[in-house]
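Asks: Could you put the whole structure together from the sequences, leaning on the hints where they help?
Residue numbers (our numbering), protein chains in the order written: chain B, 1 to 305; chain Z, 1001 to 1439; chain H, 2001 to 2318.
Source of the hints: derived by calculation from the structure; they are not laboratory data.
This one's a predicted model, so the numbers in the text were calculated from it and none came from an experiment.
Take the hints with a grain of salt, since some may be wrong.
Stated by the list, open to error - For lysine to aspartate or glutamate, the following EDC-like pairs were computed, each having C-alpha atoms within a straight-line distance of at most 20 Å:
(1) 1115/Z / 2279/H
(2) 2149/H / 1432/Z
(3) 1407/Z / 2208/H
(4) 2149/H / 71/B
(5) 1115/Z / 2059/H
(6) 1419/Z / 2080/H
(7) 1268/Z / 262/B
(8) 1115/Z / 2061/H
(9) 1419/Z / 1432/Z
(10) 30/B / 2208/H
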Amino acid sequence: MTTNVVRESGAAAATGGGTRPERSHARARKRIRSVVFHVFSVAVLVVILYPALWMLMSSFKPSNQIVGSVDLIPRHGSFDNYVHAFQGIGGVSFWTFLANSLGLAVLSVVGVTLSCSITAYAFSRIRFPGRGVFFACMISTLLLPFHIVVIPQYIMFNQLGMINTWWPLLLGKFLGADAFFVFLMVQFMRGLPRELDEAARMDGAGHARIFASVILPLLRPALVTSAIFAFIWSWNDFFGPLLYLKTPTSYTMPLALRLYVDQTSTSDYGAQMAMAILAILPVVLFFLAFQRHLVRGVATQGLKG
Amino acid sequence: MIRKRLAAVVAAASVAALVLSGCSGGGGDVTAQAKQFNKNTTAEISFAWWGNDDRADRFKKAISLFNKKYPNIKVTRNFASFADYWTARNTEAAGRTLPDLMMMDPNQLAEYSRKHLLQDLSPLRNNVMPLDGLSDSALSVGKANGELDSIPLGTNAWSMMYNKDLLDKLKIPYPTDHMTWSELKIFVRKVDKAGASAKPSQYGSSDYTGSLPGFIYWRMQQGEGVFTKDGKPAFTQQDVVDYVDSVKDLRADGSFFPIKRNAALSPKDGFLAGQYALWFNFSTTLLQAMTDSGTNRIGIVPAPAPDGVDTHVLATHPSLLLSVSANSQQKAAAAALLNFLVTSPDVAKIFGTSLGVPETQQARTAAAETNATPADKPILRYDRYVQSQRTPAYPSLPAGYGTIETKWGDLHQQLEYGKITSRQFAQQLFDEMSVSLGN
Amino acid sequence: MMTAQLASGAQHGAPRRRTTWRRRRDIGAGYAFLSPWLIGFFVLTAGPMVASLVLSFTDYDLFSAPSPVGFANYTRLFTDSNYLQAVKVTLLYVVFGAPLKLIVALAVAVLLNHARGGSGFYRSAFYLPSLIGGSVSVAIVWKAMFTDKSIVANIGSFFGGPPAESGGWVGNPSMTLPMLILLTVWQFGAPMIIFLAGLKQVPTELLESASVDGAGPVRRFTRITLPMLSPVLFFNLLLELIHSFQVFNSAFIISNGTGGPVRSTLFYTLYLYQRGFSDFQMGYASAMAWVLLVVIGLVTLMLFRTSNAWVHYGGDEK
Chain B
1 MTTNVVRESG AAAATGGGTR PERSHARARK RIRSVVFHVF SVAVLVVILY
51 PALWMLMSSF KPSNQIVGSV DLIPRHGSFD NYVHAFQGIG GVSFWTFLAN
101 SLGLAVLSVV GVTLSCSITA YAFSRIRFPG RGVFFACMIS TLLLPFHIVV
151 IPQYIMFNQL GMINTWWPLL LGKFLGADAF FVFLMVQFMR GLPRELDEAA
201 RMDGAGHARI FASVILPLLR PALVTSAIFA FIWSWNDFFG PLLYLKTPTS
251 YTMPLALRLY VDQTSTSDYG AQMAMAILAI LPVVLFFLAF QRHLVRGVAT
301 QGLKG
Chain Z
1001 MIRKRLAAVV AAASVAALVL SGCSGGGGDV TAQAKQFNKN TTAEISFAWW
1051 GNDDRADRFK KAISLFNKKY PNIKVTRNFA SFADYWTARN TEAAGRTLPD
1101 LMMMDPNQLA EYSRKHLLQD LSPLRNNVMP LDGLSDSALS VGKANGELDS
1151 IPLGTNAWSM MYNKDLLDKL KIPYPTDHMT WSELKIFVRK VDKAGASAKP
1201 SQYGSSDYTG SLPGFIYWRM QQGEGVFTKD GKPAFTQQDV VDYVDSVKDL
1251 RADGSFFPIK RNAALSPKDG FLAGQYALWF NFSTTLLQAM TDSGTNRIGI
1301 VPAPAPDGVD THVLATHPSL LLSVSANSQQ KAAAAALLNF LVTSPDVAKI
1351 FGTSLGVPET QQARTAAAET NATPADKPIL RYDRYVQSQR TPAYPSLPAG
1401 YGTIETKWGD LHQQLEYGKI TSRQFAQQLF DEMSVSLGN
Chain H
2001 MMTAQLASGA QHGAPRRRTT WRRRRDIGAG YAFLSPWLIG FFVLTAGPMV
2051 ASLVLSFTDY DLFSAPSPVG FANYTRLFTD SNYLQAVKVT LLYVVFGAPL
2101 KLIVALAVAV LLNHARGGSG FYRSAFYLPS LIGGSVSVAI VWKAMFTDKS
2151 IVANIGSFFG GPPAESGGWV GNPSMTLPML ILLTVWQFGA PMIIFLAGLK
2201 QVPTELLESA SVDGAGPVRR FTRITLPMLS PVLFFNLLLE LIHSFQVFNS
2251 AFIISNGTGG PVRSTLFYTL YLYQRGFSDF QMGYASAMAW VLLVVIGLVT
2301 LMLFRTSNAW VHYGGDEK
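Replies: Rendered as structure tokens:
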């Protein structure tokens, strides 16, 4: 209790319990600290975000002014690089690539929200033998390197003639293979009071109804977070499409970007930068729109509670 | 547990079934197909090639021309950069899903033929694929394992290209078409000296012992063999060491374009970035040299010869070939497209010499008349020169050659970085050849 | 309240008939809800794991049937200079990259934690690299920034390094790995956010009473903050290590799939990809995958074992 008293009087002194010069002194100190903080943070921010800014600004510069130039503002900025990028590659239109990425991402979101939610419901709301074992299995898949399953999966999809289709890239999403999202939703559901389940059960509802009418609406924040991450991860995915998408008309944006880099001449950095920006634009837009969700989603990961 | 084992067994069994079906020459009776094929037969075929944007655009035009003649054949286009092309084809080869018509490389021909992945095209010659204007000697380069497994789209020859703009700026006279290796070294040093003050410094050449075709050319110039009939090397490790060490002095005093800078530019090249003057490559790449380096002023001459040798031993080498896959269900339609691409003068007007100097006289004339690409005139001129020299056939490349050519490049990079000696280079090359080369 | 007690006490106090019926329905519903995941787990995870173990004892090129070769694939690993190089490159990356990334993440988190206002903005801004860092776009830009005559090469030569036209970091085999390590450190945003969340849970009373007792900021950090952060640190470390072992995109794009120059960027997963999907030596690649799994498993185990020594859960203070 003594500490509290000491703290309170100290705080009082800081805010106005003391004499005038002491008060303004304290306020000045606080302001200096805040200024120092902001200066330092802005410095770190500039260094950190410089590559992203450089990429953006370079896309407006002609190719010969890109490599080696430190200054961000283009001297003769133009949209030429973007015009070039929009022309597509070898007769395959840019919009084809965009549509492929978009289609895969949207379907991933659908798959993830459907399958991970019911899986999470099973793990957190239903008691059945084997639940503990399977839950441990699911968690351990978080630690599993993808490369241990990629070869047999490839062989299997090859046998089924599914190479160069979207099946290998989407099947896992619809079968709850993303333990990250299942875990996220399980954690979230732990916070939902069981009385709600009980109340619904009193009214004669089975698990299906409880899930659909009670849990699912309340699960929305976790669903939104999962949807955002699922979209972004699918959009950025390179290894999966690299393995399974073989013809340029089926390429997603990352593959198209790589094809573009291979096709363009050494000097055409400008078009590469424009294409790179376009490839990553949706992710950045999602980030700007949903950063709070993203940050919260990441933060709750670490708090096992 | 049983379920998983069963799955593995099923997988193995289905693989075995696939292999067996492949051996029985799936795809139907070829002659029957060819006989039934006519202008009204509908078919859907896939066609794969490698190349850049420019080539893809030209193929788009060529295929729409083809469709004017054969409106019932739908062609699905598939293309990739060279590096990815063969990885993709290898996967398809394993699953027996190769495209109906595909671009073939002399480096890979023997390998694919040996694995029975390609259709013998002789039965198709009678009806759908007359190949008018192609001489027997031209066709012979497409033969492998006694079958006509591919048809050449064009020819090229090993050459030395030089950047006129760069040399003009440094006030250095162009290389001639009768240089010797020693004169080349002097030339390289001269360019280095003049280019040292440029920002960034410019060089005469990168290490030109860095590619296997260069070594093959060197052997041919000396009248020596390259590969034996059963696909083994007709040279020794010492020969390799001698070749690589022939420029040891230039390597040691830093006269070559630094490998660090070249590696940073990969997959492109310092020559294409205008940083050094000489480029050794097959003549078809002249167009790429022009478009990538941004100037049409690229000259082309034969690569130097040993001291005291009067004529150049040049050999025309198939630039690109086309093959029909053994697993294709539409072989006749694919052959029709093949025939069109190889012999049609309209196609030659679209591509010029960018696929190689066309095989038929008709196509060659058409290419010469239109200036489809800025590289056409120089390449045709170079081709005429090559024909006038002593030209034995280019050595036929054994199965596994593609792997060895890549390995040579990898090992040479290590050599240039100083990680291995030339003896180790030869040793590791021979190790790889014993594993990958030959039947 | 009553219903809650009823729910929790259902197993003990409720009549038998309702319990068995509910239990049976629960089992049915449980497995019904879990069925997609079960199918996925067996078909896409457990099955392939077993299959890859079986394959690792065979020679399989996707072309002909797998032929058993015993332990040949595994013994070949020890004599394969490319494999040993891949192990070396990956270990260096993991050992230097992961700790460095976490140190930076923690430092920035501590900085932001002391902020009064505007920290939310910085927190989001620093997170952006994590989101785009693994993409092809960023790999291309990174290469452009570190290549011959690039910005970094110029900065380096300004501070006494080699001249800017000597290949930059991309062309120099001794600098390619540091370049990739920098790329991962750049993405410190995600672990930083987790650290921030953990820092916010450190009770301020503890810190303030300690400062009143005369402990300086460093002592407060090491004696109070760090121990309280240790579960979060453990979590971050585990995740970072596992991710570092699997890095692929940046190495693939920057080296064009070659792992060069001279194998300086030949990461484990890249070499696995080359052997498995370029050369189609799938048995060999499966052996590599299993070795990776075992190593990651051992590292995880070691981390858990040692955690008893340095991770403090709950509210026990020193």
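Asks: Would you mind marking each hint as holding or not holding in the structure?
Replies: Here is what the structure says about each hint:
no., hint, verdict
1, 1115/Z / 2279/H, "15 Å, holds"
2, 2149/H / 1432/Z, "36 Å, violated"
3, 1407/Z / 2208/H, "65 Å, violated"
4, 2149/H / 71/B, "15 Å, holds"
5, 1115/Z / 2059/H, "18 Å, holds"
6, 1419/Z / 2080/H, "17 Å, holds"
7, 1268/Z / 262/B, "9 Å, holds"
8, 1115/Z / 2061/H, "13 Å, holds"
9, 1419/Z / 1432/Z, "18 Å, holds"
10, 30/B / 2208/H, "17 Å, holds"
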